[in-house]
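Peer 1: Chain by chain, the residues:
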Amino acid sequence: MQRINVGKDFSGHPIGRYREDGPESGEVFREDLLIPKLKELESNEQLEIVLDDEVEGYGSSFLVEAFAGVVKVGFMHSDDLLKKLTFSYRDEDFAFFETKIKQYISEASLGSAKESK
Amino acid sequence: MKKYTEKQRSRDVRRTVLQRKLGYKFYTRDSRGKKHKKEHLDKTINKRVDNLIEQGLEANINADRRVDLTLPETMNLSSHYDQTMRYINAIRSLSQNSRSRRYYRLASVKFHLLKEISSSAALLLTSELSRWDDSIRNNLSPQTQNWDPVIFEKFYSLGFFNLFRKAQVNPPKDSKESDVRFVKYIKGNHEDKDYRGLHIQLTKIIGEKVKKWPLLHGGLDEAITNVCHHAYPSTLQIREKDKNWYLTGAFNENTKELKIVFCDQGIGVPASLPTSKIWEKVLESIASVPAINRRKHATLLKAAMEVSRTSTDQTDRGKGLPDMKEFIRQRGAGYLALMSGYGLYKLTVGENGETHKTDTLNHPVEGTLIIWRVQL
Numbered sequence: 165m166q167r168i169n170v171g172k173d174f175s176g177h178p179i180g181r182y183r184e185d186g187p188e189s190g191e192v193f194r195e196d197l198l199i200p201k202l203k204e205l206e207s208n209e210q211l212e213i214v215l216d217d218e219v220e221g222y223g224s225s226f227l228v229e230a231f232a233g234v235v236k237v238g239f240m241h242s243d244d245l246l247k248k249l250t251f252s253y254r255d256e257d258f259a260f261f262e263t264k265i266k267q268y269i270s271e272a273s274l275g276s277a278k279e280s281k
Numbered sequence: 003m004k005k006y007t008e009k010q011r012s013r014d015v016r017r018t019v020l021q022r023k024l025g026y027k028f029y030t031r032d033s034r035g036k037k038h039k040k041e042h043l044d045k046t047i048n049k050r051v052d053n054l055i056e057q058g059l060e061a062n063i064n065a066d067r068r069v070d071l072t073l074p075e076t077m078n079l080s081s082h083y084d085q086t087m088r089y090i091n092a093i094r095s096l097s098q099n100s101r102s103r104r105y106y107r108l109a110s111v112k113f114h115l116l117k118e119i120s121s122s123a124a125l126l127l128t129s130e131l132s133r134w135d136d137s138i139r140n141n142l143s144p145q146t147q148n149w150d151p152v153i154f155e156k157f158y159s160l161g162f163f164n165l166f167r168k169a170q171v172n173p174p175k176d177s178k179e180s181d182v183r184f185v186k187y188i189k190g191n192h193e194d195k196d197y198r199g200l201h202i203q204l205t206k207i208i209g210e211k212v213k214k215w216p217l218l219h220g221g222l223d224e225a226i227t228n229v230c231h232h233a234y235p236s237t238l239q240i241r242e243k244d245k246n247w248y249l250t251g252a253f254n255e256n257t258k259e260l261k262i263v264f265c266d267q268g269i270g271v272p273a274s275l276p277t278s279k280i281w282e283k284v285l286e287s288i289a290s291v292p293a294i295n296r297r298k299h300a301t302l303l304k305a306a307m308e309v310s311r312t313s314t315d316q317t318d319r320g321k322g323l324p325d326m327k328e329f330i331r332q333r334g335a336g337y338l339a340l341m342s343g344y345g346l347y348k349l350t351v352g353e354n355g356e357t358h359k360t361d362t363l364n365h366p367v368e369g370t371l372i373i374w375r376v377q378l
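Sequences listed follow chains H and E, in order. Just add 164 to the spot in the first sequence (first one is 1) and you have the numbering used here. Just add 2 to the spot in the second sequence (first one is 1) and you have the numbering used here.
Chain H on its own, in the form it takes in the complex:
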């Protein structure tokens, strides 16, 4: 299983939606880290996302763009992405963010970001 530790591999303060919001934004996370990792996965392999290591929390702008964005840019269908991702955290408060990420991914329609452009 491959792993992304958000706090260590990306930023201790992930914030913002678009690349122009800064290097810690959801779009940067998705394009520079998440999608390349997903490309490396074997067909039955999963990707573990460590949510709470050195991170205090997440805003929905970041989460929507980072995770639902994978579906919206047309990279992967929401059902397939949900099967590929697992989430881990020690702080139980982060269960809220896992639920939110899964909700945002489920609600996203494939390729909708391209259509809206």
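These are calculated hints, taken from the structure and not from any lab test. A quick note: this is a predicted structure, and the numbers were derived from the prediction, not measured. Do not take every clue at face value.
[Stated by the list, open to error] Derived pair list, reagent style DSSO-like, types lysine-lysine, alpha-carbon separation capped at 27 Å:
1. E:K258 with E:K117
2. E:K279 with H:K266
3. H:K266 with E:K214
Please build the complex by placing chain E on the supplied structure of chain H, with the hints as guidance.
Peer 2: Below, chain E alone, put in the same frame as chain H:
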């Protein structure tokens, strides 16, 4: 009758398209000449300040139209809202003009009568004075000799004196004058968004971590993202150094009450909504409101706060403001207050569930102020 020329028509089309895109208010402001705009603004300052003085603002106007403000005994947004905002708004207006002798401009703000100030009022006051200091090239210098010791201690712990390059202030001798412990305020902008020091400072004061903090962090992240996207639109010529946000926290050791206060000095939520991606959702949500109330700021705030969080629209935006409620909801008790323009939206969570309140304010919050209050 004159013939309607093609040139005239294309000019009108361009104007109306811009008006629809940016909102009439922004378009007209931007379309005027610089000189006309400045003069109009300066005249407005005089009118506004005269009005505020009629309403009870304590101000001494010198011969050259320099204004000394004397802060009142109490500044508190819950118990003395109108009085507090009169001074905050006066500072904002007066600090916009630092040169012209024809119009009022701020000379000094006196603190000697001030005996009590709430954390949200202190943050608003600090942010306005910081803005003023920035506009006069950091030339302010605080004179604290006759300040009340409680007020001095509060502002010292808030980090107020760090604002001023010229400040030479010694720490308070007895740091137990007040039950309320402030944490040093954090000032950020669209590039500097790091506020993680807030939780560290609060943990030190309280003695333990704040439960459900990650959800408050999520709400604060959204508040900051909103500032970057909407509060200071590029269509308005706002100086880069004025595009800031401010954040602080306060803990009352007696009542165990924790308050987190966030503010910006932008155009405010009601003014930013028409150009935001959630405007259509807001319009849908206020369709059932009587037409006369639809453009009331309180109505717009409520609609923005209650935009469906499970909406499956393609843009997926508009989840930011509702996110701010999660901290209070998950803790099960407390309130969230959002004030912007003339609107107030308040969510209270208690034993009887959730209650929402909206109200129209007599004096506007020029920007956005968000307060979370919980009992530890």
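Peer 1: With reference to the structure, classify each hint as holding or not holding.
Peer 2: Here is what the structure says about each hint:
Distance restraint check for K258 (chain E) and K117 (chain E): the Cα-Cα separation of roughly 22 Å lies within the 27 Å cut-off, and the hinted pair is therefore satisfied. A threshold of 27 Å between alpha carbons decides the hint, and for K279 (chain E) with K266 (chain H) the separation of about 23 Å falls inside it, so the pair holds. Pair hint K266 (chain H) plus K214 (chain E) holds up; C-alpha atoms about 20 Å apart against a cutoff of 27 Å.
When held up to the earlier numbered hints, the structure conflicts with none and fits them all.
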